[in-house]
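Since the structure of chain A is already known, use the hints to place chain B on it.
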Amino acid sequence: MDTTYLGMELRSPLVASAGPLSQTVDGVRELADTGMGAVVLYSLFEEQVLAQAERDTLLEELNSESFPEATSYFPDIVDPEATSPAQAYLSLVERAAAAIDVPLIASLNASGTGSWVGFARQLADAGASALELNIYFVPGDVTLPGTDVEARHLEIVAAVKQAVDIPVAVKLSPFFSSVGNFALQLVEAGADGLVLFNRFLQPSVDTEQLSVVPGVSLSSPADAKVPRTWIATLRNRTSVSLAATSGVETADDVAAYLLAGADVVMTTSSLVRHGAGYARRLIDGLDDWMLRKEFGSVADFRGLLAVPADTDPTASARAGYVSALERAKSTYGSLRG
Amino acid sequence: MSRIIMDGNEAAASAAYRLNELCSIYPITPSSTMAELSDEWSAKGRRNVYGTVPSVIEMQSEGGAAGALHGALQGGALSTTFTASQGLLLMIPNMYKIAGELTSTVLHVAARSLAAQGLSIYGDHQDVMAVRQTGFAMISSSSVQEAHDTAAIAQLATLRSRVPFVHFFDGFRTSHEENSVELLSDEQLAAFVPKELVRAHRRRALSPEHPYIRGTAQNPDTYFQGREASNPYYNEVPAIVATAMEEFAAISGRSYSLVEYHGDPEADRVVVIMGSGAQTVRSTVSYLNEHGQKVGVVQLRLYRPLPTEQILAAIPATARVVAVLDRTKEPGSGGEPLFLDVAAAIGEASAAGRRQKLPLLVGGRYGLSSKEFTPAMVVGIFDELALPSPRPRFTIGINDDVTMLSLPYDPTLDLEDPATLRAVFYGLGSDGTVGANKNSVKIIGAIENTYAQGYYVYDSKKSGSRTVSHLRFGPNPIEAPYLVSQAGFIGCHQWSILERADVLEFARPGTVLLINTPYEPDQVFAHLPVPMQRKIIDLGIELWAIDANLVARKAGMGRRTNTVLQTCFFAISKVLPREEAIEEVKRTIRKTYGRKGADVVAKNEAAVDASVENLHRIEVPTAPVGAKEMIPPVPAKAPDFVRDVTASMLLGTGDSLPVSALPVDGTYPSGTTKYEKRNISDIIAEWDPDACIQCGNCAFVCPHAVLRAKYYSDSALDGAPESFQSAPLNAAGFPGSRYTLQVYAEDCTGCGLCVEACPVKPLGSGGSRKAINLAPVLERSKQIQNVSFFESIPVNRRSRIDFANVRGAQFLEPLFEFSGACSGCGETPYLKLLTQLFGGRATVANATGCSSIYGGNLPTTPWSSNKYGRGPAWSNSLFEDNAEFGLGLRLAADLHTATARQRLEELRDELGDETVDAILNAPQQYESELSQQRARVDALKALLDTMSGPGVEDLRSVADHLLRRSVWIVGGDGWAYDIGSAGVDHVLASGRNVNILVLDTEVYSNTGGQASKSTPLGAVAKFAAGGKVTTKKDMALQATAYGNVYVARVAMGADPQQTLKAFREAEAYDGPSLILAYSHCIAHGIDMRKGLDQQYAAVASGHWPLMRYNPVLRAAGKNPFLLDSPRPRMPLRDYHVKELRFRMLMNSDPEAAEQLLTLGQEQVNRRWAEYEEMATRGAERFAEVAGG
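Quick note, the sequences are listed as chains A and B, same order. Be aware that the first sequence starts at 324, since it is given in the working numbering, and climbs by one per residue. Be aware that the second sequence starts at 3, since it is given in the working numbering, and climbs by one per residue.
To be clear, the hints were calculated from the coordinates, so they are not data collected in a lab. Since we're looking at a predicted model, the values are computed, not measured. Accuracy of the hints is not assured; some may be wrong.
Here are some chain B residues pointing at chain A (derived, C-beta under 10 Å) [unchecked claim]:
| # | residue |
| --- | --- |
| 1 | ALA45 |
| 2 | GLY434 |
| 3 | THR435 |
| 4 | TYR460 |
| 5 | VAL1005 |
| 6 | GLY1010 |
| 7 | PHE1025 |
| 8 | GLY1028 |
| 9 | HIS1086 |
| 10 | GLY1087 |
| 11 | ASP1089 |
| 12 | ARG1145 |
| 13 | ASP1151 |
Computed cross-link-like contacts, EDC-like style, restricted to lysine to aspartate or glutamate with a CA-CA straight-line distance of at most 16 Å [stated by the list, open to error]:
| # | chain 1 | residue 1 | chain 2 | residue 2 |
| --- | --- | --- | --- | --- |
| 14 | B | LYS763 | A | GLU531 |
| 15 | B | LYS763 | B | GLU688 |
| 16 | B | LYS1140 | A | GLU377 |
| 17 | B | LYS1140 | A | GLU383 |
| 18 | A | LYS616 | A | ASP575 |
| 19 | B | LYS1120 | B | GLU1182 |
| 20 | B | LYS1140 | A | ASP379 |
| 21 | B | LYS46 | A | ASP399 |
| 22 | B | LYS440 | A | GLU384 |
| 23 | B | LYS593 | A | GLU377 |
| 24 | B | LYS763 | A | ASP529 |
| 25 | B | LYS296 | B | ASP266 |
| 26 | B | LYS605 | A | GLU377 |
| 27 | B | LYS1092 | A | ASP379 |
Think of the CB as a built atom: it goes at the ideal place given N, C-alpha and C, for glycine as much as any other residue.
In isolation and in its complexed conformation, chain A is listed as follows (with noise of 0.2 Å):
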C-alpha cells in the first residue's frame, strides 16, 4: 500500500484532505489512527484570521475606557509583538504533527503575496511536514483577466517556494481555460505536487424564505469525473506528485484514482458522512481489491489508465468528447432532438 507523496513516503495512498475533522488534536489523532497515509488539517483562511483578530480588537475595546470603575473588560494576555492572528492554527499544526505519526500537511488560504509567504514559514516553523496552498479566488470579479488569475498563482507559488524548505503542493480550481497547461507551468513554478480539485462553494437559493443560503455540500462520487480525467491527462506530463479529491465514497473510487494515476487520494466528504473510521473501510477496500486484481503494490497499478504520454492530446480529447457524445446519444436519444 506503500506511495510517495510530496517525497515523503506514506503508508497509504489514501490521505484525509482539508477539512472539519481536523479541527482538533484529537480529530487528527483518530484520522491518522485509521491507517490513513497522511492527514491534510483545515485551511488557514488567512483574511477570516485576519478579519477576525480586527473583531476580536474591537470587542475588546467596546465600552473600554467609558467607566471609571471598568475602563476595560478583559485582561492583557496576548503578547502583540510575539503572537500571530493564526495562533490557534499554528498551535494545533505544532500539536498535532507531534501526536500522530504520519505527515501533517498544513493547509494555507492567503490574499496577499506578503501573507502567503508569512504564513507559509509560520507552519513550516510550527512543525508541518508539508504545505498545500488552497489557491481560491471567486471568480465574482468579472473585471479580472484569466491571465492576471493565473500570474497570481504562478507569482505566489514561486514566492512561497522560495519562503521555505518543506515541499509545497498547490490545490487548484478546474476552472482554467487550459487546465492541463495550467498545472503544469504551476509545476515549472516550483510546485512538488498538484492536488485536483478545489470544489467552488456555489450558494443555493430558498424559495420559501426568499434567500441565497450559502452552499456547503459534501461531493458524491459524481464530482469525481474531472479530477480523474485530468489526473489521467497529467499524469504522464509531469513527474510531480498528483492528489485527487472530490467524490470518493468507495473503495472502488480509490481504486479508479489511483488507475487514472493519483499518487493519493484524498477525502473528506465520506468521512464526515461515516465518520472517520470510514477511512479503514477504504483501505481495508482498496487492499481486497488489490487481492482480488493480484496486485502487490499500489506502483503496480498506479497510472494504468491514465492518457499515454505519446498521445495526441488534442486527438485524445477530441475522441474522448466524440465517443462521449456518441453515448450519450445512444442513451439519451439525440441531443439534436
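Structure of chain B alone, referenced to chain A:
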C-alpha cells in the same frame, strides 16, 4: 533605570508583585488594577525577584482574601493583597490577627470613600483611617512614583520590623493618574530586600517539624500583658522605616523621610497633610514663599506608628497656627484623626515643656470622594490661617451654607509652571478619546527630558458616557495632582457635548480649540451656542475644526475617530514639532496594528494623512452670529429638585451645589432618568406598523424601556400629530381599537435588540428588514411630538391585560426606564419586566454592582413610579449583605402586616365585619385579587381618615401592608455566587417569602470583568487570565436541594414566555424564590446586538438549560422539576466560538482551550442527563414541603 508612563496602581503592583510569592485578591475599585496586573503577570509566567512565579488566587470576598493572606503568612509565604474601601473594612478582623501575631506583610490600598449616605468609588482616606487602630503600620504615598517606591520601602520595613504595613495612596488621583515613573529593576529590588529577611519570615511559619500553637484564647490574667508585649516592635518601626528610606535613596537616588517639612523655616502658618494633597500644598507653599509669605507644610509619610518626635521636629517653633488637613470625616468626633494625633503631640509636648510655644490648632476636611484639592484652595486655607482667630474647624472645596464651615477661596488662581502644556479633551466613552490620549501621554512621555501626566474623568453612565481627559506635558516633572485648569489646548471630540456643557470652562486667553464638527468650515462658528461664541471671541481663542467622523468613515475606520483627532492634536498643539509628532503617531499605529496585517496599518496611516488635510483653521468674527442657545439638561417642566440639583450634576457643575441643596440622609426622588433626554444614538428604532404583528417581543427585550405599547379606541387619535403611527389592534374582542408601539426617540440607544427579537420579515424586504428596524436620525422634533401625544393616551388598565403571555405584557407600564446601562444590556430587560409585573407593590434590595450603578448612581435613577405615585422602592445596602438586607425588608413588612391585621381585628366593631373579613380573608395571589385588595385597602384608609383614636392611627400607619408586598433581592453573580453566597443560602433556607433575582453575566461586570464562581469553564476573564479551569457552580441545583425553594433558570433570548412564567410563579410562591437570569454582557466579548442570539445559543448548546423547580407542584403530588428547554442541539463549541471570552483562550493557549472545551462538553452532557433524570422522576423522590 527606565522611565516609563504608568498609573499609580501599576507602579505599586510592579514592586509588590516582584517582592511577593502570593497575592490573594478580590476586585474593588479603584484597586482592582493592581490585582488584575498581578494575575496577568502570573499567567504570563513573570517571575518575582526571588526567581519564582507568584501565585495569584481570587477569593470570594475581601474577608476571604484577608483570611487566605493570614493563612499564607502563617505558612511562611511572602504574601500581599490589594484593596480599598469596603474591602479594607472586611479585612479588619484579620488585620488585628496578623498584627497581633507580628506577621510581615504589606497591604496595598488605593484609598477610597466609604458607603454612608451613598457609596462612592472615589478617593479619600475614610477607609484607611478605619484601620488605623488595627496594629498595622501605615505609610502613605503622594504620587505615582512614590506608590512604586514606597511599596518597596514598606516591604523591607515589614520584614525587618515584623510589623505588618498598610501602604496607601489616593484612589483615582494617584491610582489612576498616569505619570512618568522611574521603574526599579529586579536587581535593584533584590538588592534592596535581602533574601535573609525572607528566610527569617519563613522560619517563623507554622511547621509540624517544629510545632507550636498560635492564635490561642487568653484570659484576664495574661491577655493585657500579651497585648503590651509587642510594644518594642512598634517602637522600632519609625527608625526601621527611616533606615529603609535611606537605603532606598542609596540604590535609587530618590530620598524620602518619615515626615518632611517644606517651606519657610520660620513659618508662622503651617499645614500638616498626607497623601497626594501634600504635593499640591508643597507647590503652593513654594509659590507663597516666593511672594514673601511665611508658610510651610509638613508632609507625613509614616502615619502609624505615629512618628511623634519627627512631627514635632518638623513643625517650626515659629508657627503661630497649625492646620491639620484630613481627607476623611468622622461625624460626631472632636476632630478628624490626623488632627487629633497632631494636636495631642503638640499639646503634650507643650504641656511637658518640650515645646516653647503652643500654636493655635485647627482641623480641616478636604477632598472627600476625590473632591478637587487645588493650589487655590490651599491659598484659601493659608488666608484663613492668617486671620487673628481662624475657624477651629473648617472644610475646603465645597460651599457649606448650612453649618458655615467651608472656607472661601479664589478658584481662578493659577500657580502652574508656565512651561507645562495643559490640555483638556471632551469625548464619549465609545469614541476612543481616552485611549488615544493615553497613547499620546505614552508617546510624549517617552521622549527624553519630557514629562507627561494623564488623568481621566468619566461620568457615571455605562452607555454614552462623557469623558474628560486632563493631560499635562512639560520639561519638568509634573507634580500637579488636580485637574487641569486654564488649558492651552482644548479638544471637543463630540459636537453634542458642546451643545450641552461649557467646554471652555478651562479656557484661557489664546487657548487652541479643536472641534469635531459635522459642519463645513465656514458654517462651524455660526452653529456654536452663542455663549460659547462669545467666550471664543473674548478670550481670543484659536479655533480649529475637522469633520473627524467623515474622515474616519472615508478612511474605512467606521465610527472610530480617535486616530484622526489625535493627529489633529499633534498637528496644532505644538507639543512636538508637527512632522515628528505625526511620524510618532504612525509608528504607534504600526506597533499596535502590525499583527493585524498591512491593510489595517495602511488604513490607519491614510487616516492620519487625511486628518491633516481636512483640518481647518476657523476664522472668528468679532461678534457672535445667530442665536443658538445651549440645550438645557432637563426640561423646564421637571420638578424643582431635578431642575435645581439634578440638572447641575448633569451639566457637570455639581461641585458648585451647596450643602443645603443635598438631602441629609441620602434619600433621592425616583424616576429621574425621564428628564434626562440623552440622545446618545444617531441610529434609533423605527416601527413599521403595517408589517408589525404586535407580538410584543421587541418591547419585552428592550433594555432601555424605549419601546412602549398601548391600545386605545379610535377616537383617542383625535388631535394626533400627523406623523403619529398606529395600526388596528390585532386582537379579538377589541373591535375598532388601535395599537401603537411608540419609540422614545431621545432615549433609544440604538442597541438593535428589538430588531433581533422581531420575528417578522416583511416580504419583498430581501430578508434584511423587520417590523422594527434601526434607522439614522438627525432631527427628532416629530418623534418628540409623537412621544408627547403617546403619553397623553392612558396607560392600559392592568385588569384588562392578559399578562400571562409576552403579547399581553407589552401593555404593562415599565417602572424601570431609560437607564444608563450599556447599550443592549442583558440585565435590564429582566428588571423592567419585574417592575411591569409587580412594580407598584415591590421593594427592591439591590446588591452593589452594575445594577446598583445604573439603578442608583447619581444624578438620575431609572426606578420610577406610575400615575398613582406608586412604584418600586429601591435601596442598596452593600455588596456582601444584599440577601440579608432584603430579608430584613421582608421581615419588617411581615411584622407590619401582622400589626395591621391585629389592629384591624381590634377595630372590628368600628369598621364592621364585612370590611374586616374581606380584607383579612382576601386571597392575594393573582393580579385581579391584588387589585381588589388594593381597592379594599384604599377604602379602609379613606374610612380611617374619618375616624380617630390610637388604634386608628396605628392601623393607618401600617394599612398599606394589608396589600401583599413583593420583596425582590436583586444582584449579579459576583454577589450571589461569591461574596453574598452565604447570605443567599441563609435567606433561601429561611423559608420567608422573598424573590431573589440573579442577573447572571457570569463575571464581575461592574468592576471590569473579573471571574466569579459563575464564570464558565474555559472563559478568559480578569483573575482568570489563563482561562477559568473550574466549572461554573450550579446554583439552581443547590437551591433545589432545599425542596421548599422555587427555582428557575431563565434566558429571555431563548424563551421569553418561560421567563415571564417563572417571574410570575416565583412571585406568587409563598416562600423563597430564586431566579437565575442569563444576562449577556459586554464582558462576554460579543456584538451586543447579537446578545439574544447568544442567549439562544447558551440554551441550545446545553450551557444554560432552562428549568423550573416549583414546590407547589410537589405539594400537589407532582414532580416539581420541570425541564423547559429541549435537549442540546448545538455543540458547546458553536456557542463558545462566538464569544471573545472563549476565543481569547483559543488564541492564547489553544491546547488548554481545547482541553477545557472537551471537559465543558462532557459537563454539559452529564448535567443534561442528570436534569433529564430529575425531570422524569416520580414526585416521591423529591423532598416534601412542610405544610405543603
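Quick check on the hint: THR435(B) CB to chain A CB, less than 10 Å? holds, 8 Å
Hint check, ASP1151(B) versus chain A [nearest Cβ-Cβ separation less than 10 Å]: holds, 8 Å
Would the stated hint for VAL1005(B) survive a check requiring a Cβ distance to chain A of less than 10 Å? holds, 8 Å
Hint GLY1087(B) vs chain A: min CB-CB distance below 10 Å? The hint holds - GLY1087(B) has a Cβ within 10 Å of chain A, the shortest such distance being about 5 Å.
Holds or violated: is the Cβ of PHE1025(B) closer than 10 Å to a Cβ in chain A? Result: holds, 8 Å to nearest chain A Cβ.
TYR460(B) as an interface hint toward chain A, with CB separation required under 10 Å: Holds: closest Cβ of chain A sits about 4 Å from TYR460(B), inside 10 Å.
Check the hint pairing LYS1092(B) with ASP379(A) against an upper bound of 16 Å on the C-alpha distance. holds, 15 Å
Holds or violated: is the Cβ of ALA45(B) closer than 10 Å to a Cβ in chain A? holds, 6 Å
Under the criterion that the straight-line Cα-Cα distance not exceed 16 Å, is the pair LYS1140(B), GLU383(A) satisfied? Within the cut-off at roughly 13 Å; holds.
Please verify whether LYS763(B) and GLU531(A) have alpha carbons no more than 16 Å apart. Given that 16 Å is the threshold and the Cα spacing comes to 12 Å, the pair holds.
Restraint satisfaction for GLY1028(B) [CB to CB of chain A, less than 10 Å]: holds, 8 Å
Identify whether the interface hint at GLY434(B) stands, where standing means a beta carbon of chain A within less than 10 Å of its own. It holds, given that the least Cβ distance between GLY434(B) and chain A is near 7 Å, below 10 Å.
The structure fails none of the hints (numbered hints given earlier).
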